[in-house]
Amino acid sequence: MVKKNKQTFLRRFFDFLILPILLVALWLLVSLLFDRDSTFLTIIFNHNQSDFISVKDTKLLAGQKVIGKFIAKENNLGIIAVRFNTYKQINDDVLIFRLKQANAKNWYYTAKYKVNQFQPNQLFTFGFPVIADAKNKQYVFEIESTIGKKGNAVSVSYDEPVYVTKYKFTRSELTNNKIKLVVFLVEKTFTSFQRLNFIIASLTYIVPLIIIYLLWLHTHGQFAIRNYYIFYIFCILSLLNIIFFDLQLNLILLVLLGLWIFIIKIYKLDHSVSFLGMVVCLGIIIVLMMMNLEKIAEGFAIWAYLFLLCGTLQIALETIQPSMKRITYTVFFKKIWQSIRYKARL
Amino acid sequence: MHKKIKIVDHILIPLVIFAILFFLFLNNKVIAETYLNLVIDPVQTFKELFFGWNNTLMLGLNYTQNYTLIFPFAFFYFVLFKTFNIYITQALIFAGILFGGFYGFVLFAKREFSTNDRSIYLGAFLFAFNLYTITSFHGASILLLPYVVMPYQLYFFNKIFTSKNFVPYSIGFAFSVLFMTGINPPLVAINSIVIIIYLVNLVITYQLHHKKILLITRLSITILFSILLNLYWIVGIALFYTHITADKIANILSEPLSMQNSASSYLNVFRTFGLWSFGQGWQDKPYFNYSPVYITNPIWIITMFLIPLIIFFSVFNKNNKKNILWILFLIIFAVPMVVGTNQGLFAGPYEWSYHHLPLFSMFRSGYKFIQVYILGLSLLLVYFLINIKIKRQKIMLAGIFLLLLSLNAFPLFSRRIFENIEKISLVPQYYYDAKYFFDTDKTEHRILLLPVQYSVIFTWGFTSGNPEFLWNKGLVARQGGSDDEISNALSLRLYHFLFTGQYDQANMLMHQLNVKYIVQRNDFDWKFYKNISQPPDVIKKALQPYKKIETFGKLDVYEVPKQFVNSLFVGSHISFKKISPVEFKIYVRNIKNPKNLSFLEFFDKDWKLFLEKKPSDAWCHPLATYENRLPSEENNKAIVTECKKSKSPLRLEDVSYAWKKPIFTSSHAMVQEYANGWQIDPSVIKKNYSSDYYSVNQDGSINAVLTLYFQTQSYFYNGLIISGITLVLFISYGLFIVIKRGIFYGEKK
Chain H
8 MVKKNKQTFL
18 RRFFDFLILP
28 ILLVALWLLV
38 SLLFDRDSTF
48 LTIIFNHNQS
58 DFISVKDTKL
68 LAGQKVIGKF
78 IAKENNLGII
88 AVRFNTYKQI
98 NDDVLIFRLK
108 QANAKNWYYT
118 AKYKVNQFQP
128 NQLFTFGFPV
138 IADAKNKQYV
148 FEIESTIGKK
158 GNAVSVSYDE
168 PVYVTKYKFT
178 RSELTNNKIK
188 LVVFLVEKTF
198 TSFQRLNFII
208 ASLTYIVPLI
218 IIYLLWLHTH
228 GQFAIRNYYI
238 FYIFCILSLL
248 NIIFFDLQLN
258 LILLVLLGLW
268 IFIIKIYKLD
278 HSVSFLGMVV
288 CLGIIIVLMM
298 MNLEKIAEGF
308 AIWAYLFLLC
318 GTLQIALETI
328 QPSMKRITYT
338 VFFKKIWQSI
348 RYKARL
Chain Y
18 MHKKIKIVDH
28 ILIPLVIFAI
38 LFFLFLNNKV
48 IAETYLNLVI
58 DPVQTFKELF
68 FGWNNTLMLG
78 LNYTQNYTLI
88 FPFAFFYFVL
98 FKTFNIYITQ
108 ALIFAGILFG
118 GFYGFVLFAK
128 REFSTNDRSI
138 YLGAFLFAFN
148 LYTITSFHGA
158 SILLLPYVVM
168 PYQLYFFNKI
178 FTSKNFVPYS
188 IGFAFSVLFM
198 TGINPPLVAI
208 NSIVIIIYLV
218 NLVITYQLHH
228 KKILLITRLS
238 ITILFSILLN
248 LYWIVGIALF
258 YTHITADKIA
268 NILSEPLSMQ
278 NSASSYLNVF
288 RTFGLWSFGQ
298 GWQDKPYFNY
308 SPVYITNPIW
318 IITMFLIPLI
328 IFFSVFNKNN
338 KKNILWILFL
348 IIFAVPMVVG
358 TNQGLFAGPY
368 EWSYHHLPLF
378 SMFRSGYKFI
388 QVYILGLSLL
398 LVYFLINIKI
408 KRQKIMLAGI
418 FLLLLSLNAF
428 PLFSRRIFEN
438 IEKISLVPQY
448 YYDAKYFFDT
458 DKTEHRILLL
468 PVQYSVIFTW
478 GFTSGNPEFL
488 WNKGLVARQG
498 GSDDEISNAL
508 SLRLYHFLFT
518 GQYDQANMLM
528 HQLNVKYIVQ
538 RNDFDWKFYK
548 NISQPPDVIK
558 KALQPYKKIE
568 TFGKLDVYEV
578 PKQFVNSLFV
588 GSHISFKKIS
598 PVEFKIYVRN
608 IKNPKNLSFL
618 EFFDKDWKLF
628 LEKKPSDAWC
638 HPLATYENRL
648 PSEENNKAIV
658 TECKKSKSPL
668 RLEDVSYAWK
678 KPIFTSSHAM
688 VQEYANGWQI
698 DPSVIKKNYS
708 SDYYSVNQDG
718 SINAVLTLYF
728 QTQSYFYNGL
738 IISGITLVLF
748 ISYGLFIVIK
758 RGIFYGEKK
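Chain order of the listed sequences is H and Y.
In terms of this note's numbering, the first sequence opens at residue 8 and continues consecutively.
In terms of this note's numbering, the second sequence opens at residue 18 and continues consecutively.
Any given hint could be a false lead.
Computed footprint of chain H on chain Y, listed as stretches where at least three residues anywhere in the stretch have a Cβ under 8 Å from a Cβ of chain H [what the hints assert, rightly or not]:
1. 283 to 289
2. 314 to 323
3. 347 to 358
4. 362 to 368
Just so you know, the hints here were simulated from the structure itself, not pulled from any lab data.
Where a beta carbon is used, it is the ideal one built from N, C-alpha and C, also for glycine.
Using the sequences and the hints given, assemble the complete structure.
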């Protein structure tokens, strides 16, 4: 009996503590390694609107400029990336970028950039020769329009972060100094999680790990299935996916779609559940549009389509295999409700 | 009682709907954009469509893809314009298009759902009056034809495979293809995809795979009938796209995929948006004056989503869903196609297909697939309503839907469909006065238009195309599309020379482009395109070295110095005359050594030279002589005689050019950056032809007569003959059936 209890304890200890910790560590590592906004050896710091000392939220016309001022948080400053509003069109202006230390007389770096390469509301990278001893020094940069005119110009976007600064470390610098390496990793993780893009992108990597985890639990006695946890997790992950909706994250959508198909299969759901999902999504879209939350509504619209896709394929399957028993949405939700009530009683 | 219902359904309701639409359009007194210049001069435009080459725009234009417009579109414009006026013509055509879609849907839905339930009319309402149809009137209403024909095609397909006598329906289908027109290949492809999906449904539903012979026979005969009846335009379209140059394709595809799909998203598709220009505008004005209502007004936001929300409830219905499976497949296929590359799981495969799959690049604008989604939605709406058994519930829901659908289509019913800017104004009289002036000059030349334009907008109003085409001369002007397109590039170069005072280069380029007159349009709204257009005073200054010879209203006509006026054909000691836009006769004399011949129309490899028997220049009544100045060896200072035009009716010869062997084809190449050039080699003539084909001079040189013919025209004539014979046979068969037993009686599903 004691042995069995010990075994159960060890299994639960592994299932609910060791394995999650390992998976979280793996998730962090993969997320940092495959961060598409920066290389592993680069640390990015966000800057907000107050880090501009002269800023225009309207279009930059010829001769007009914005000026930013910041204190470098690290050495090896090599990039300043500024977010621009292109007004959803390709503009012809040419911007001059200048950078210098705050108290310096001359500009350290000057370059011209055509704005036709700017992406709407994205950070545009201004690179310059790396400043090795930049830490704690104050820098000023200017962005000036040369030929911007009404109807054909860009402006600085106020979406946070309004600009970022990037600091690049070398491999030898970190491997030769273990304390520096630990500080770098902590700082890297901390600063990365301050970027929404990173958080969203990291979800891509956590979803397969969660599925692996669920499958692991599934093989250990149908635990997740019996308790509908797998359905709840799908709902939570889908909601997270919708709230942090990112057009580029198709992989995460694919994985979640796979999870929904898995749910359909294990619970033997009929098409009505998928269609209910679709109709619910359309209903939520109306509410969100009323609240001016179009971006989140976009996520629900994608899911409305995916539910429609699944529901249609389910009808086709039901036509081919009419004898197979399937659960309708009323039965499915009744069962979930019973399960909730049972747990509440316990 | 039954007869009464029949009269209401088949006569009264359609008549009322047509009348409402007709008076709606007529009341607006609108002449809106349709296609080409049909609204400016339906008669001349109709006539021009019979020729595969048009020399008014783009330094000469292959027009063969426009054969498809001859019937029904241009034909109805022509007939109605001759009978009424342009306002009634447009009102009848626009009302006819929408009504056609409405009635076709009713016909098909009745057949598909085997019901006479009047809920079908609500589905038809959604099918005919929605954002897709409304916004299409701003672009080119002709693009709606494939859409409105779609339910007829599905109806005929249903009948073909479920009726005992399928022949009338196969003929009906062939006629529907005629009405579909092939002017926009992606739309034809979309109709074909819908038909294939429906065919698969028919095969499964009626177990047609067990009746293979019936299936193959009926399908083959239907396809054969369609090809035979439509051969005249199929030939033109096929040759146009197989002979199109990489440069032209690049120009068509010059706008990136991301721009075409910029407004497409799953969210927008569910509310039937997705047209890139819908939420955008020019100079702070939206392209569609009603678009802000749909985007910002909460009532419209709710109604646009409420429609699909309620309709998709139909799937919860307990009835057999096998019936609607094909409709759902249509929808799940169409939605990601509309979204295109913008978002979602299918964006990647779409982009990959666009770049790698042959022909897929025709779906550059995925928005066209919205019509498939709307068809599916309209059919589901019918399915939803006909399955409601409680009458009171049904009436209530039908009322709600009528309200939602009316709100959905409010720009049509509130007459906001046409903005002032899109109302096409009648062309001022002075354009016709200029026409009379240019008509007096019988020579073949081009006119340079100023100021620089992108599309055409005047201070007196908007036209769908250049009204200067009335002058019946080639026009040199920057047209919409890429700057790099050859005729645009040459036009822009000429403008640059003029505005920078480089008159020597400008004169040489005008000589190269065969320009004789320059017309400054003081009525052009240059402020609309102020980045590229110029004000009248700037142009007046730029044209100072040129002699102003006439003024017609707000049009100033300048003349190019005589020494720079060129001829349409450039060669040594030649005479030529125009017979039609696709045929020229050239007399070449005294050729001893190979000599160059240039034809100053845009290069197209379908221009072919044919050697004629019994060479003589008796047909030439000189009109003008020219001294060629282009810096090419022996052509330099060569004398060219232009002879008076002669019109000839359609001859058997025209048909024979399709198989007749051309000459000098291997030397046909692009010259002068855009034009056609050949090398006329007397040894080739002597070697391959009998002495009937040339005459020998005392010095050993020869004379010959060449016919320059645009060969696709000959294929068109052959196709027209076959289509004509097929039409006569079909009409005879139809008359036979009607007389014998009545076409629609005695058939049951």
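Taking the hints in turn, this is what the structure says about them:
1. Check on the segment 283 to 289 of chain Y: 4 of its residues sit with their Cβ under 8 Å from a Cβ of chain H, so the three-residue criterion for coverage holds.
2. Coverage of the segment 314 to 323 of chain Y by chain H holds. Counting CB-CB distances below 8 Å, 5 residues qualify, and the rule asks for three or more.
3. Beta-carbon proximity to chain H at under 8 Å applies to 4 residues in the segment 347 to 358 of chain Y; the threshold of 3 is reached and the given coverage holds.
4. Check on the segment 362 to 368 of chain Y: 3 of its residues sit with their Cβ under 8 Å from a Cβ of chain H, so the three-residue criterion for coverage holds.
Comparing the model with each earlier hint shows no violations; every hint is respected.
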